[in-house]
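**Q** Letter by letter, the chains look like this.
Number of protein chains: 2
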Amino acid sequence: MNKVEELILKRGEIKSGNILKVDSFLNHQIEIDALEAIADAFAEYFSQKDINKILTIESSGIAIAVALAQRLKLPVVFAKKAESLNLDAERYSTRVYSFTKQKEYNVQVSKKYLCADDKVLIVDDFLALGSAAKGLIELCNQAGALVEGIGIVIEKAFQNGGKELRVQGYDVLSLAMIERFNEDGSVSFCSR
Amino acid sequence: MNKVEELILKRGEIKSGNILKVDSFLNHQIEIDALEAIADAFAEYFSQKDINKILTIESSGIAIAVALAQRLKLPVVFAKKAESLNLDAERYSTRVYSFTKQKEYNVQVSKKYLCADDKVLIVDDFLALGSAAKGLIELCNQAGALVEGIGIVIEKAFQNGGKELRVQGYDVLSLAMIERFNEDGSVSFCSR
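Which chain is which? The protein sequence lines are A and B, in order. Using this note's numbering, you'd call the opening residue of the first sequence number 2 and step up by one each time. Using this note's numbering, you'd call the opening residue of the second sequence number 2 and step up by one each time.
Excised from the complex, chain A in its bound form (with noise of 0.2 Å):
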């Protein structure tokens, strides 16, 4: 078992509907052991990896972004949810549905700030239907960026958006991999 998956089952509070919160170290409280462990398993694994920036979506994948970019020296860009006076109107955009607050909302990069060149590692906390990667991707796809892998904090691999991720050759690495949770609260990981 690995430090994510200990984590989850020490601290991660279920609730109806499928939802794993885990607030008390990542999603609304950060804490700074659980973030180290988490930007060394993606150091680890994409190191070797041709990447030079490193894109994610607000709020929380910013946090795992940033750790993650201090070890591999890269620049973070985050995709904007909300309209802001202070967006370029030059910009790339899609929609993205998000499971946790039942809305659609649209997904900005700035132009300035994703190209051609770009070779992307995307990084996010949660993985279910995958409506969040594969918006980050078609941002990718406008700008002719390539996306050179994914990295996913937390995949409930029950859901199917990380299967078809992969399906489309795409490299996903996910900490803690959820196969199903339990009636009696528990929580049951994917064998490796």
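No lab work stands behind these hints: they were computed from the structure. Each hint should be verified, as a subset may be incorrect.
No copy is singled out in the list; a pair is fine if it fits within one copy or between any two copies.
Unchecked claim - Listed next, the in silico EDC-like pairs over lysine to aspartate or glutamate satisfying Cα-Cα at most 16 Å (straight line): (1) Lys112 - Glu139; (2) Lys113 - Glu32; (3) Lys102 - Asp89; (4) Lys74 - Glu37; (5) Lys82 - Glu59; (6) Lys74 - Asp34; (7) Lys74 - Asp51.
Since this is a predicted model, take the numbers as computed values, not measurements.
Chain A is already provided as a structure; the job is to place chain B on it using the hints.
**A** Then chain B, alone, in the frame of chain A:
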């Protein structure tokens, strides 16, 4: 001139309505050298204080808070703006007006992650009228937590948020203090 002032002069963009965009190194793309310089400056100033938690607000504050938390070995809590199925029912809440988004929104922290024992360092990217900082202070007040300091990357000193907070006795460190935006597109910083 310090590193943040240099970055603003070289890479900031001034827009109408006294908006300064720092999307190239902090608010959309995050450059690790810039982030580490910011975190080093906060760590140097605040490391002697008795602080046990860093509080910020999603999204742009998260990267700053995480880089600083790694140096001070402290947890980060980021206040949430949007409604989510995931947020605890038991929470502190207040309203904040966003200058760049021109709307008011709820800012919330779960009661689990902010309490009367906490000695809090608040960090954020910008301080203008001080709405976000005052909102975070209000959340600390609701929890009975002490605000030990406030670290801001860029203060628009010609608006009065920083002045008001200092008059109230808060220890506010702003790494760059903008005196005015000039008609020729240049930026004047406050003398130290």
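**Q** Within a copy, between copies, both or neither: which one fits Lys74 and Asp51 at a CA-CA cutoff of 16 Å?
**A** within (12 Å within a copy, 31 Å between copies)
**Q** With 16 Å as the alpha-carbon cut-off, assign the pair Lys102 and Asp89 to within, between, both or neither.
**A** between (26 Å within a copy, 13 Å between copies)
**Q** Checking Lys82 and Glu59: alpha-carbon separation at most 16 Å within a copy, between copies, both or neither?
**A** Classified as both; 7 Å inside a copy, 12 Å across copies.
**Q** Is it within a copy, between copies, both, or neither that the alpha carbon of Lys113 lies no farther than 16 Å from that of Glu32?
**A** between (32 Å within a copy, 14 Å between copies)
**Q** Should Lys112 paired with Glu139 be assigned to within, between, both, or neither, using CA atoms and 16 Å as the limit?
**A** Classified as within; 13 Å inside a copy, 37 Å across copies.
**Q** Are the CA atoms of Lys74 and Asp34 at most 16 Å apart within a copy, between copies, both, or neither?
**A** Intra 20 Å, inter 9 Å, cutoff 16 Å: inter-copy only.
**Q** Reference check for the pair Lys74 and Glu37, CA-CA at most 16 Å: within, between, both, or neither?
**A** both (15 Å within a copy, 11 Å between copies)
The structure is consistent with each of the numbered hints, conforming to all of them.
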